[in-house]
Amino acid sequence: MLRYLLARLWQSLVLLLLVSIIGFAVLNLAPGGPLSQYALTPGMTQAELERIAHQMGLDRPLPVQYLDWFWNLLQGDWGRSYRDNRPVLEVIGGHLFATLLLMGSSTALSIAIGTWVGVKGATKRYSMFDYAATVGAMVALSIPTFWFGLVAIYLFSLKLGWLPAGNMYTIGDGSLGDYAIHLIMPTVVLALVNVAVWSRYMRTATLDVINQDFVRTAKAKGLAWRRVLFKHVIRNALLPMITLAGLQIPTILSGALVTETVFTWPGMGRLFLDSLGYNDYPVVMGLLMFSAILVLIGNLLADLLVAVADPRIRLG
Amino acid sequence: MSKKTVKGGVGPTRRQALTMMGLAGASGLVMPGLLGKGQAFAAPPDKPTGQVIIGFSQEPTVFNPHMPHIEVDEGIHFSVFDPLFAVNPEGKFTPALAAEVPTVANGGISEDGLNWRVKLRDDVTWHDGTPFTAEDVKFTLELLVDPQFRSWRRTGHDLVRDIEVVSPTEITWRMEKPYAPYPSILAATFIVPKHILEPEADRNNAPFNNAPVGTGPFKWVERVAGDHIELAANDDYFGEGPYLERLIYKYIPDLTVLYTQFKTGDIDVIGLQWITPDHYEEAKELPGKAVAVVPSATVESVTFNMERPQFKDLAVRQALYHAIDKETIIDALYYGLPAPTETYMPQQSFYYNPDLPKHDYSIEKANALLDEAGWMPGDDGIREKDGVRLSFSNSTTAGNHIREQVQQFMQQSFKEIGVEMTISNLPPAVMWGEYWMMSQFDSVVVGINFLTGADPDTSDYFRSTSIAAQGGAGQNTWQYANPEVDELLAEGGRLFVPEKRKEVYLKIQEIMRHDLPFLPMFQYATVRGHKEGVEGVTPNVNVRIDSWNVGTWHWA
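Residue numbers (this note's numbering), protein chains in the order written: chain A, 1 to 316; chain B, 317 to 872.
If you're looking for bench data, these hints aren't it; they were derived computationally from the structure. Treat the hints with care, as some may be off.
Heads up, simulated DSSO-like pairs for lysine-lysine below, C-alpha to C-alpha not over 27 Å straight-line [as the list claims (entries may be wrong)]:
1. B:731 - B:674
2. B:408 - B:454
3. B:600 - A:159
4. B:628 - B:510
5. B:454 - A:159
6. B:510 - B:435
7. B:600 - B:681
8. B:674 - B:628
9. B:847 - A:159
Whenever a hint applies, use it, and build me the whole structure from the sequences.
The following block contains the structure:
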């Protein structure tokens, strides 16, 4: 087990190094640059832009810039944002909570509902419920989140006035109830798509298991259906879901760009897009490394969890 | 300069604001809702009350006013800091930290423009209680040219020499050469505190940059990154106001969402980039909201690279101008909001030339001009002369849908006169990078604010020594070179009396209208709005941001 972990860790480090080199190159090779947004400012000159670029070290050769960045990273210094001048880790940390809250609640909701819908659809195959769930999932997957979010705002905020039109909390309030009421719409909008995905996977996984011999045997030896379902079917059907959930971890933390935009939610998705828009290299690199690490951790965690849940699997 | 000093304030007094709104209202421009309903203006409260939330579609992130920043950042700067003197909507300077605006008339500026003497107020304190003195002004002017400091802009400041603090309320300096735009630059130069910034070893990364301390009507409270910035009333403010207890700048990243939150009332004032033109018809009918079309200083033009052989012939540029159906473009594509123009100077400016020849849409005249100049159709119907085909590319920001339609419309029109225009649009970071700055384009559709504040000087754009592609320092991306314009610009830069300067700039506009290095299309107008009951929201064409006078805003 320990050997396995060490090998995985070593692989991960090599992978991270590659990701950082490729990411850095792609970012810097894209034309434009952090200063192009200032070009149309009244009175701005090429000479002034060049001076500022020099002061920021942007006129150095790319490999030098990369090594400089990497060397600082090794010492725990992720650099400072070009946009607001704060340390990168502080910038990322400042957006983590919002994303965790939204993605956490919506993922929990969609896994719970998705599992239920999937299992029920599989056990009552070709029933009205199954058809409705299938069609519902198709529709939910096809609706653009942006549009669905705006319609929800139009209906529940503008027409009915039940829910706030966005934002994480009322400025100056910020009580638990205030957070909760702001959370409802974005959570549901975001969960809608995920429920659809999740329920389809769960349905397929359950169907795979339900036709296996051991299920028939369990039924034949007279076990109650409920017991067969929970003890044998669902437990086995959840195994591939664990892997899937592990792969979802990075998504949870990298945010939901569209939902965050519609509901003005200050999360990681917005941060990533804004930082890209400003060519804020240090933050984009920070986010890139951050999500690469999460992907690696998520995969490792999923493998470990499957081993724990399924005694037949031995790592090593 | 105006002798009429506003009592203790940066912004216009209520009466000035009323007069202005009345005038504009008569021309059907500003706040028809408010005036139409005949609401009386309420007096501001005795002490700061309530809060206003301003929505921006970009996030303010740079709070040190002297570091590279974008427009929305200036909203915070105007709230937290003060300049020596500010510029009001009529383009007049009003004293802020200075006791009076220095002019040639009052001896603040010497006749030759070389020696400056500024008298300062003695009743100003920084938000931390430290008194403001002439030392802070000296520190700010020196910081701007400090080679270690990542200064936003040095133009003008790099001419300042021998700064001397005569007393805590008086400062003098000498200019290396006369530079008439300097008052306008100073009006946009916010004074920063010496006692906080001087001890910092690295001023580029000072804590001050994320928690600014100023002298302005509002004090820094906090920033929730990606969401909003909160400011609180500065009870010790020396000028008029503040009348609001709390001021919030809310970041709403999408224009549709920004407008929706304006409709739902989640924001009180819709700031940059305001209401999109396609929502204007609906917005002006919204109950409880005051919505108005406000001209901005940005002028849209079709810009030529004058070094391209196709554009060297004046007849070609004139013909292309004749072939553009400006009226249809404005009415059909821009919802009739912008005002057509013949010049780069905003029509609100004191220096605007109203007597330029009017644009005349005429395919016949365009064809006649080209025929006369010897540009004859080739086998493919495209005109050519001496081996040069009248074919060129046109570029602008990819994704700007209205402009893309304008391009297609022009493409059709140009075809009618035997001119081929291809469209090649680029993402913003590429478009406005070296492609623009180093004149690598054939032609471009672009909106430019040519002025620094209210000053008419455009040397950075029109002088032959400002061509970056030829090693110059400036943004003369047309590569336009005209000795007469060079001469006039130099003259205008040496004159300090507005009436004398005006003649020079009227002449320059006349020449530009004749030479047509760019085809002036229209002056942009934006659709702005706020809740009825927020008073004091006054447009100012001379600044880049709505909240320039936020200290005087209040609820009715």
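State the violated hints by number, sorted upward, taking the hints as numbered earlier in the document. 4, 5 and 7
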